[in-house]
Amino acid sequence: MSTAPAIREDAFRRRAWPRVAAVALFVYVVYACAQLDVSWERVHAGLDNAARFFSRLFPPNFTRSDLLIKGLTESLEIAVLASTLGIGLALPIGLAAARNLMPAWISWPARFVIVAARSLHPVIVAIIFVKAVGFGALAGILALTVASIGFIGKLFTEAIEEISDKQVEAIRATGAPFPSVLAYGVLPQVFSRFIGFATYQLDSNLRNSTMVGIVGAGGIGGTLFAAFQRFDYDYVCAILISIIALIMIGELFATAIRAIFIENATFADLFRRGEAMRHVRHSEDD
Amino acid sequence: MLDLRHLSKSYVAGKPVLSDINVAIPAQGITAIIGASGTGKSTLIRCVNRLVEPSQGEILFDGADMARLSGKALRHARRHIGMVFQEYNLVERLTVMENLLCGRLGYVSPWRAWRRKFPPADIARAYELLDLVGLAGFAHQRADALSGGQRQRVGIARAVMQKPRLLLADEPTSSLDPKTSVEIMELMAGIARTHGIPVLVNMHDVELAKRFADRVLGMAGGRIVFDGPPADLDDAMLKKIYGGEDWLH
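Chains Z and S, in that order, give the protein sequences.
So for the first sequence, numbering that gives the first Met the number 0 puts the first residue at 0; every next one is plus one.
So for the second sequence, numbering that gives the first Met the number 0 puts the first residue at 0; every next one is plus one.
Think of the hints as simulated: they come from the structure by calculation, not from any bench.
Treat the hints with care, as some may be off.
[Stated by the list, open to error] Only pairs whose alpha carbons sit at most 25 Å apart, straight line, appear in this in silico SDA-like list of lysine to any residue:
#, chain 1, residue 1, chain 2, residue 2
1, Z, Lys165, S, Arg67
2, S, Lys239, S, Arg4
3, S, Lys162, Z, Pro176
4, Z, Lys165, S, Lys239
5, Z, Lys165, S, Gly147
6, Z, Lys153, Z, Ser106
7, Z, Lys165, S, Ser180
8, S, Lys71, S, Gly105
9, Z, Lys165, S, Pro109
10, S, Lys209, S, Val181
[Stated by the list, open to error] Beyond 10 Å from chain Z on every Cβ pair, some chain S residues (computed):
#, residue
11, Asn21
12, Ser36
13, Ser41
14, His79
15, Glu127
16, Gln149
17, Arg192
18, Arg210
19, Asp233
20, Ala235
21, Lys239
[What the hints assert, rightly or not] What follows is a set of in silico ranges between Cβ atoms, one per label pair, in the way DEER data are often shown:
#, chain 1, residue 1, chain 2, residue 2, range
22, S, Asp143, Z, Ala23, 39 to 49 Å
23, S, Gln55, Z, Ala23, 52 to 62 Å
24, S, Gln140, Z, Pro108, 33 to 43 Å
25, Z, Ala10, S, Arg192, 55 to 65 Å
26, S, Gly62, Z, Arg98, 28 to 38 Å
27, S, Leu59, Z, Glu8, 51 to 61 Å
28, S, Gly136, Z, Pro108, 45 to 55 Å
29, S, His75, Z, Pro108, 24 to 34 Å
30, Z, Ser118, S, Asp143, 35 to 45 Å
Given the structure is predicted, the values throughout are model-derived calculations rather than measurements.
Each residue gets a CB set at the ideal place from its N, CA and C atoms; glycine is no exception.
Please put together the full structure from these sequences, using the hints given.
Set out below in C-alpha cells:
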C-alpha cells in the first residue's frame, strides 16, 4: 500500500463571505415578509378578490374601438419619435463617454448626462415633463427620449470600451484623421451590437409609450387608466389585448431588423423558416 | 531614410525597454531585428510611427523628427509609413476591399471615406494589389472569413496601398505556420524589391531572418548588440543575442 501523499493546501479557495451573504439575505426576506404583512391568509383573501376581478374582464368589449385605435396610434407615434430622437442623441453622447477614445474632460460630462438620464424611472420623468410642457404626447416623447439616451448611451459606451484596440491601431497607423478612424476602426466593431440595442430600445419604448398616458403624457395609457377608474373592466380587457398585439407586432419587426442588419438575412429569408434561417444565423459569429 | 538617434523608451520609470538606440536604416533592402521576447524589438518598431511614445531621442524620417510631431503633421508623416502587424489587425467586420482602402484613409476626407467614395484610382490599385497578393476574387469577403495567411496578405496589401516610403513589420509571421511564414516573407520581400520600399521587420525566427534580410540587427536587453549581414551571424553571436547555448544544438 502506498503512503498517503503529503498534505498540501486545499485545492479550492473557500471563502466565508458568500455564505454569510446568503444567510443574511434569507434573514432579510423573512423580516421583510413580516414587515409587509405578507402571509398565507393575506394571499388567500387576495385570490378571492382576483377571481371576481378576472370574471368581470371577460368577454372583452371592443365597441369603443375608435378611442382605442386613436390611443394606440398615439402610443406608436410616441415610441417611434422618442426612439429616433433618443437613439440619435445617444450615439454622439455614448461615443463621447467612451474612455478609450475620449479624454477625461469630454468623457466625464458625457457619462454624467447618461447617468442622470438613467437615474429616474420614465414615469417620474414623464410627470416632470407633463408639469413642464403640459399634458399630451410631447411630454411622453420627451420622457422616453431621456430614457433612450440613458439606456442606449450606457450600452453603446460599454460596447465601444470593449472593442479591439488592434484594429483601431492599424487605422491610426495609416495616418487617418480621427473621424475616419471612428468610421473604419470603431463603428464596424460595434455596429451590430448597436442595432441590437436600438431594436431593444424601440421595443421598450413601445411598451413604455402605453404607460406614460397614465400620468397624462399621451398614448393609450390615459384611456386605460380612465377605464380602470370607471370599472369598465371589459373595456380594460380589450385595451390590454390590443396592447399585447401591438407589442408582439413590434417584437416581430425588431427581430426582422436584427436579422437583416446583424445576420445578413435578405428580405426573402424573413419569410422562410427553419433550415434557411438557421443557415443564415450560423454563418455569423453573433 | 530613417535615422534613430539616442532613442530610449521606458514604460516604467527606471526600467528602460530601449536604451540609447542609434541606427540608420537605408533607403532600400530588408533590415531584420532579431532578439529574444521582451528585448524591445516591438517597442523599437512601434516608436518609429509613434504607436508607442518614445521617452527620449530623435526619429529622423525623411529629414523630420517623428518624435516631435503631433496632430496633423504626425498623421501626414504616418501616411508614408506602412505597417504590417503580427495579428494582422484587419478590421474584422469590413470586407477585404474596405480593409485595403483603409490604407488610403490618410488621403481621403472623412466625409468621402464615410460614404465609401474613394477615388477610382485607389480602387483600381486595390484590385491590382489583390491580384498581386493572390487574393483575386476576395474583394467582397469579410476579413473574419479569411485564414491567417490570407489575412496577412490583406495586411500587406493594406500597407502597400499607402504607397509607403518605409514599411514596418512587427512580427509579421509569428502567428503563421512555417510554410505560410516563408510565403508571406517572400511576398513582402518581393513587393519591397519591385516597389523599392525599405523594410524594417522584427522576427523571432533566426533562419527566416537569415534567409530574407539584407542586414540583421540583434537586440538584447534593450540595446543593439549585433549589426551586420546575415552571414556574420554565427553561434557565438546568437549566444550573445539570445543568451544560453543549449538551444543552438
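* Asked: Which of the numbered hints are not met once you compare them with the structure shown?
  -> The structure breaks hints 4, 14; every other hint is satisfied.
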